[in-house]
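Q: These are the residues of each chain, in order.
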Amino acid sequence: MKFTKTVKLAFESIMSNKLRSFLTMLGIIIGVGAVIILVSIMDGVTGQVTDAFENFGMNNITVSITSRGSTRYVEPEDMYKIIDENPELFTYCTPNITLNATVKSNISSENERSTVTGIDETYDKINQLTTEQGRFLQFIDVDKMLKVCVIGTYYEQTFFERGKALGETIKINGEPFTIVGVLEEKADSSENSSDQCIYIPYTIASKMSWNSSIGSYTVTMADANNLETAKSVLQKELTEILGSSDFYKIIATQEILDELNSIIGTMKAALVCIAGISLLVGGIGIMNIMLVTVTERTREIGIRKSLGAKKKNILTQFVVEAATVSGVGGILGIVFGAVVSIIAGKLLDITIIPSFFAVALAFSVSVAIGIIFGYLPAKNAANLNPIDALRFE
Amino acid sequence: MDKKPLVEFENIYKIYKMGDSEVRALDGVSFSVFEGEFVVIIGQSGSGKSTCMNIIGCLDVPTEGTYLLKGTDVSKLTDDEQAEIRNKTLGFIFQQYNLLPKLNILDNVKLPLMYKGLKESEQNERAMEALERVGIADKYHHKPSQLSGGQQQRASIARALAGSPSVILADEPTGALDSKTSAEVIEFLITLNSQGNTIILITHDNSIAARAKRVIRIYDGKITYDGPPSNDAIIRSTVLTQKEATV
Numbered sequence: 001m002k003f004t005k006t007v008k009l010a011f012e013s014i015m016s017n018k019l020r021s022f023l024t025m026l027g028i029i030i031g032v033g034a035v036i037i038l039v040s041i042m043d044g045v046t047g048q049v050t051d052a053f054e055n056f057g058m059n060n061i062t063v064s065i066t067s068r069g070s071t072r073y074v075e076p077e078d079m080y081k082i083i084d085e086n087p088e089l090f091t092y093c094t095p096n097i098t099l100n101a102t103v104k105s106n107i108s109s110e111n112e113r114s115t116v117t118g119i120d121e122t123y124d125k126i127n128q129l130t131t132e133q134g135r136f137l138q139f140i141d142v143d144k145m146l147k148v149c150v151i152g153t154y155y156e157q158t159f160f161e162r163g164k165a166l167g168e169t170i171k172i173n174g175e176p177f178t179i180v181g182v183l184e185e186k187a188d189s190s191e192n193s194s195d196q197c198i199y200i201p202y203t204i205a206s207k208m209s210w211n212s213s214i215g216s217y218t219v220t221m222a223d224a225n226n227l228e229t230a231k232s233v234l235q236k237e238l239t240e241i242l243g244s245s246d247f248y249k250i251i252a253t254q255e256i257l258d259e260l261n262s263i264i265g266t267m268k269a270a271l272v273c274i275a276g277i278s279l280l281v282g283g284i285g286i287m288n289i290m291l292v293t294v295t296e297r298t299r300e301i302g303i304r305k306s307l308g309a310k311k312k313n314i315l316t317q318f319v320v321e322a323a324t325v326s327g328v329g330g331i332l333g334i335v336f337g338a339v340v341s342i343i344a345g346k347l348l349d350i351t352i353i354p355s356f357f358a359v360a361l362a363f364s365v366s367v368a369i370g371i372i373f374g375y376l377p378a379k380n381a382a383n384l385n386p387i388d389a390l391r392f393e
Numbered sequence: 394m395d396k397k398p399l400v401e402f403e404n405i406y407k408i409y410k411m412g413d414s415e416v417r418a419l420d421g422v423s424f425s426v427f428e429g430e431f432v433v434i435i436g437q438s439g440s441g442k443s444t445c446m447n448i449i450g451c452l453d454v455p456t457e458g459t460y461l462l463k464g465t466d467v468s469k470l471t472d473d474e475q476a477e478i479r480n481k482t483l484g485f486i487f488q489q490y491n492l493l494p495k496l497n498i499l500d501n502v503k504l505p506l507m508y509k510g511l512k513e514s515e516q517n518e519r520a521m522e523a524l525e526r527v528g529i530a531d532k533y534h535h536k537p538s539q540l541s542g543g544q545q546q547r548a549s550i551a552r553a554l555a556g557s558p559s560v561i562l563a564d565e566p567t568g569a570l571d572s573k574t575s576a577e578v579i580e581f582l583i584t585l586n587s588q589g590n591t592i593i594l595i596t597h598d599n600s601i602a603a604r605a606k607r608v609i610r611i612y613d614g615k616i617t618y619d620g621p622p623s624n625d626a627i628i629r630s631t632v633l634t635q636k637e638a639t640v
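Chains A and B supply the protein sequences, listed in that same order. All residue numbers for the first sequence refer to the numbering used here, where the first residue is 1 and numbers rise by one. All residue numbers for the second sequence refer to the numbering used here, where the first residue is 394 and numbers rise by one.
Treat the hints as calculated values from the structure; they're not laboratory data. Hints are not guaranteed to be accurate.
[Said to hold, decoys possible] A short, non-exhaustive set of chain A residues, derived as facing chain B with CB atoms under 10 Å:
no., residue
1, K5
2, L9
3, E12
4, R299
5, E300
6, I303
7, R304
8, K305
9, L307
10, K310
11, K311
12, N383
13, P386
14, I387
15, L390
[Stated by the list, open to error] Think about it this way: if two alpha-carbon atoms lie no more than 16 Å apart in a straight line, the pair counts; the simulated EDC-like pairs of lysine to aspartate or glutamate are:
no., chain 1, residue 1, chain 2, residue 2
16, A, K312, B, E474
17, A, K5, B, D500
18, A, K207, A, D143
19, B, K512, B, D500
20, A, K312, B, D472
21, A, K231, A, E255
22, A, K311, B, D473
23, B, K463, B, E428
24, B, K615, B, D420
25, B, K495, A, E12
26, A, K8, B, E513
27, B, K615, B, E403
28, A, K311, B, E477
29, A, K147, A, E175
30, A, K5, B, E513
31, B, K509, B, E477
32, A, K125, A, E184
33, B, K463, B, E403
34, A, K8, B, D500
35, A, K249, A, E237
36, A, K231, A, E85
37, A, K186, A, D51
38, B, K532, B, E522
39, A, K312, B, E477
40, A, K312, B, D473
Note that this is a predicted model, so its numbers are computed, not measured. Where a beta carbon is used, it is the ideal one built from N, C-alpha and C, also for glycine.
Here chain A stands alone, though its shape is the one from the complex (with noise of 0.2 Å):
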């Protein structure tokens, strides 16, 4: 008997039975769905969080100084040394000071809870931004503790008009700040997203947030694969500024990537496995419904094989069944799944595509699945002896 004839039988059995054919199929459309889905939507938010990272630059290691009970500090001029006395391990560094301050433009009376950064003239290097208008800080600024600010787009629209920004003022906890640059937008320029931002220079920062000592730097490795040595070099040198190794922590960005990406993968692992159960209880219900059918038909078993079928023509036919019943519903899961995770998508707001590997994944699970649970029945049907299953009612 031909493969093809035999899967075509199989299809009108299924159609003869559409209601209970379906019913059989549900564990399995639900199972491989379920699949779909957590593999798409844990895939879209794993690109979501790199995407983060990489906007952060995954060459960054943040240094937090945290030198509680020490009197000792370090000094902007102390990291600036180690990174000119290492420049085959780092290009550039910044400190970082985080105000939370008040902001409000000269020509609105709206004002803002903001976040303001203080750093230095080659943050934009250090994190990649690139000023539309103007220019970013520069050394003189700093240097000199010149009240000027780059901002980002979402500020430029709410408080100005597009493109009108530039030399305008904005006061910072009461502080008047020239707009010497806008960065070109990275986001949609809506609230809370990184267009909303306000860079100062350190020096001024410092002394608007009444500490004396700077928490906090970035630096950029010239190379992310001499992580270790770079860590080590930065590890020796802040030892024996502060003392101990205890008042401050070296934080590489690709790290917290890293940790966060293993922590997703668990997680996934540990949702496709559940949403495998389903497919395992999928396929109790598909041999249940097989050792039905297989009674029912006793009697079409029988004349088979009064007409010369052999057990492995039997065999073949149920087995070809069942796997086209959890191949067909293994269809109707990937399109179940593949619609339900765009919409996800888009409620969501992350990108989703389901992935290839998923669904050619889940179909041959769900195949393998009908031929795993249909072989049971199919034996039972060949084993059947013709006469007493042609005596059957």
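Using the hints, position chain B against chain A.
A: Just chain B, lined up with the frame of chain A:
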């Protein structure tokens, strides 16, 4: 006759155990059927004629004794080898037609050819040929349920013929038909026989037995008559049953 018999029963026993008692469905039956014969096996229900039929049809195996089909000892074959013998050597006609309701007539007739492993085109050709022989070629795309009982039985005869078997086994082929259609079916089987097909027919109907070349009467698992369908045979068997009834 020098020829080797097609069907050869040698002291066949079929014993069913039911608790402590045993039922002898066949109790030492021996006979041979040669090519070109039209044999009617007659007996009442419970006489063992159906068991006999099942054994001839390789659907069942004897408890004891040897059954040679075309010289092959069937009881020594595996299930699949028996399936192959059924496919190549035997054609079945059943009382309930046993057509598969979901397939059309053509696909039903093609079944034995499919299991033979023939090419699709050859299957179609031979199945249509068989349907033409039984005179329902125009109904090939109908489902069995759309045909009358007589037409369904013709379809099942076509299915039996399609594989060109050595022996056609008919188990009460007229059991579910009215007398007019029955007569047509019997007439058709006689025509087939005259064309050289060997036919073994099982029935409880004496009037059918009268049309055969040879009658084997089975009673209580034993052959009580084997010969031409003389009045004598039919009367004798009737007497026997009546005698049995009075005992």
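Q: Given the hint that K8 of chain A pairs with E513 of chain B, test it: the Cα-Cα distance must not exceed 16 Å.
A: holds (14 Å)
Q: For the pair we were handed, K312 of chain A and E477 of chain B, check the Cα-Cα distance against 16 Å.
A: holds (12 Å)
Q: Does E477 of chain B lie within 16 Å of K311 of chain A when you go C-alpha to C-alpha?
A: Distance ~11 Å between K311 of chain A and E477 of chain B Cα, so the pair holds.
Q: Holds or violated: the hint that N383 of chain A contacts chain B, with Cβ atoms closer than 10 Å.
A: For N383 of chain A, the interface hint holds, since the closest Cβ of chain B sits about 8 Å away, which is under 10 Å.
Q: Does the closest beta carbon of chain B sit nearer than 10 Å to the beta carbon of L307 of chain A?
A: holds (4 Å)
Q: Given the hinted pair K463 of chain B and E403 of chain B, is their Cα-Cα distance within 16 Å?
A: holds (14 Å)
Q: Is the Cα-Cα distance between K125 of chain A and E184 of chain A 16 Å or less?
A: holds (14 Å)
Q: Take a quick look at whether K532 of chain B and E522 of chain B sit within 16 Å of each other, Cα to Cα.
A: holds (13 Å)
Q: For a C-alpha distance cap of 16 Å, please report whether K231 of chain A and E255 of chain A respect it.
A: Given that 16 Å is the threshold and the Cα spacing comes to 12 Å, the pair holds.
Q: When you check the alpha-carbon spacing of K231 of chain A and E85 of chain A, does it fall within 16 Å?
A: holds (14 Å)
Q: Holds or violated: K463 of chain B with E428 of chain B, Cα cutoff 16 Å?
A: holds (10 Å)
Q: Close enough to count: is the Cβ of I303 of chain A nearer than 10 Å to one in chain B?
A: holds (5 Å)
In the structure shown, no violation is registered for any of the earlier numbered hints.
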